[in-house]
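Given the structure of chain A, go ahead and fit chain B onto it with the hints provided.
Line order of the protein sequences matches chains A and B.
With our numbering applied, the first sequence corresponds to residues 1 to 186, in that order.
With our numbering applied, the second sequence corresponds to residues 187 to 531, in that order.
Hints were generated in silico from the structure; no laboratory data involved.
You may find that some hints are simply not true.
Computed cross-link-like contacts, DSBU-like style, restricted to lysine-lysine with a CA-CA straight-line distance of at most 30 Å [what the hints assert, rightly or not]: (1) K423(B) / K7(A); (2) K381(B) / K400(B); (3) K450(B) / K381(B); (4) K309(B) / K400(B); (5) K11(A) / K423(B); (6) K333(B) / K208(B); (7) K89(A) / K461(B); (8) K333(B) / K356(B); (9) K381(B) / K290(B); (10) K290(B) / K356(B); (11) K373(B) / K475(B); (12) K450(B) / K461(B); (13) K208(B) / K373(B); (14) K309(B) / K57(A); (15) K423(B) / K57(A).
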Amino acid sequence: MRMSLLKPFSKLPGLNTANILLVEFEELFQQSLADALVEETAVTVNVRLAKNLPLPKENEEVRPRIDLVVFIINMTSELSFQSAEASLKYLDSGFFLGKVCFMVTNARNASVPTQRLDSVRKLAASLHCSLLFAEDQTPEGVTNAAERLLTILKVSAGLVPMTTALYLSNLTRCTVPPDIDQPTFD
Amino acid sequence: MDDSVKSLLQRLIRRIPSQLLKTTLEKWGRLTAEQQQSLDFTQSKWMLTENLLAMCEENECTLRHIAELEVTYIMDYPNQGMWYAYQLMDPEDDAHCVELIQFKEQFKTHLRELVRHVSIIIKKHTDEAAWIRIAWGDTYTRPSHMKPTYIVHYLQSPYVFVSNLTSKNKPLLSQALLLSTRYQAIKDANLSGRKLTAIRDLLMRQYQQVFPTKYPSPLAEENQSITNPQIEKEQDKNAANRLQLAREAFGDGTLPQLQSAVYKLETKFRDQTNKTMTARDEPFKCVVKFASTNLLESLRDCASSGFASAPVTPLLSSISLKGKNYFVITDNGPGAATQTRRSQN
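Isolated chain A (complex conformation) (with noise of 0.2 Å):
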């Protein structure tokens, strides 16, 4: 269990490199992000993908050093986000000093329990880290994520200076309001 934990520092960075893993279990909207993500010039653009963590271990020695963990989640999807849940343990804890972030999809759709999002929220304030809203289905949704996620890759990989990946997660980290457990409107 020990071994296949991913941690964050220890391999060398490469030059002018940033290298992104995204976690979805449905291996759809992380297609797309990746196409988006890959087309950024000032900077080299490693993506990986991955349906869930634990990654193979074969791919141990020829991993570059991961500088931002993106766990997608589609809302509609008890399992997306069980998967999601599950994946978090095989992270090392250094991941979580602003080097992960939940990325979820489809948050209006109708058919999302409350509970669910409410969950999501909690999860991304106890893990403090960033909660983003990302919108799938059209081009310039998918163009919008990738800008928000190179933001952070940015930062996170070392590059933006003046900044680490610690600070900005410090200003972007999810909250709960207090009053999340009263029961709403609905």
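For chain B alone, coordinates are given in the frame of chain A:
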């Protein structure tokens, strides 16, 4: 041409969709070339029916001729109504030598011995199957053509597909079939559906099967939608594994279009958090039905995308491996799935 013939023809023309009518009538072959040419298929069904009635009157078509038209139509478009699969068991020594002419004669003879008034039409399909249409009567009444039974039997195989058979006529049909095919018993194959082609392909394994191999062909290259070297899939091997297991369980390529699977559970209730239910001794009876436009493709997709755990549970893979879509699960294990659903006598 008496009224029963006319009404049968009218009902039949009403049933056949206009775009299929032309080819069906050509195949039927009872209209002369001029008659066939003079028919205008852009007219309304009612006009067409009137014209056809007149032509059949001219040609002196009998009830049997109209029945043959129905057989021609159903043979080309069999995916309507409910079909049930049966399997013949315990062949006699000469069961494998039965060929069509012998089968036809024997079947007609035996059935006529059992039922005084019955109308039987047997035709050979292009794929060598014997198609039988039976209009049942009884000792005192003439056969009724309103609800004929259709039977499809692939000679040299023990499979029979039946549509529209009443329980009253079932023992008569079974008897005639057993005697003419030289088998000793017939049992329900627990496979049914609206598409004859689908249940036939499933039962007779007419789809691309995949067998377990130690060195599968490079599957990962098939899904190469990402060619950018900056994008890398971490779990390619896992995905390829899942895909291989799914293909082994359900097959490759286009799968037979099965539309439902039913599991009848007679097992004890097992949720430990519900004490009142687990305390009961009797099994918890429930029926689980899976329905889809293409059930096997959806199940294969579930397995390859990771929704269903790999390797595929035998409960689901039995659909393809055993060619059934009705299962009875008892606590003794899925071996009970081979029990017959209806008693055969």
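Cross-check of the supplied hints:
1. K423(B) / K7(A): holds (22 Å)
2. K381(B) / K400(B): With Cα atoms ~36 Å apart, K381(B) and K400(B) exceed 30 Å; violated.
3. K450(B) / K381(B): Given pair K450(B), K381(B) holds - Cα atoms ~22 Å apart, limit 30 Å.
4. K309(B) / K400(B): violated (46 Å)
5. K11(A) / K423(B): holds (24 Å)
6. K333(B) / K208(B): holds (24 Å)
7. K89(A) / K461(B): Outside the cut-off at roughly 33 Å; violated.
8. K333(B) / K356(B): Holds - the C-alpha atoms of K356(B) and K333(B) are around 14 Å apart, at most 30 Å.
9. K381(B) / K290(B): holds (25 Å)
10. K290(B) / K356(B): Holds - the C-alpha atoms of K356(B) and K290(B) are around 19 Å apart, at most 30 Å.
11. K373(B) / K475(B): holds (23 Å)
12. K450(B) / K461(B): Within the cut-off at roughly 23 Å; holds.
13. K208(B) / K373(B): With Cα atoms ~39 Å apart, K208(B) and K373(B) exceed 30 Å; violated.
14. K309(B) / K57(A): violated (62 Å)
15. K423(B) / K57(A): holds (11 Å)
Violated hints for the displayed structure, listed by number in ascending order: 2, 4, 7, 13 and 14.
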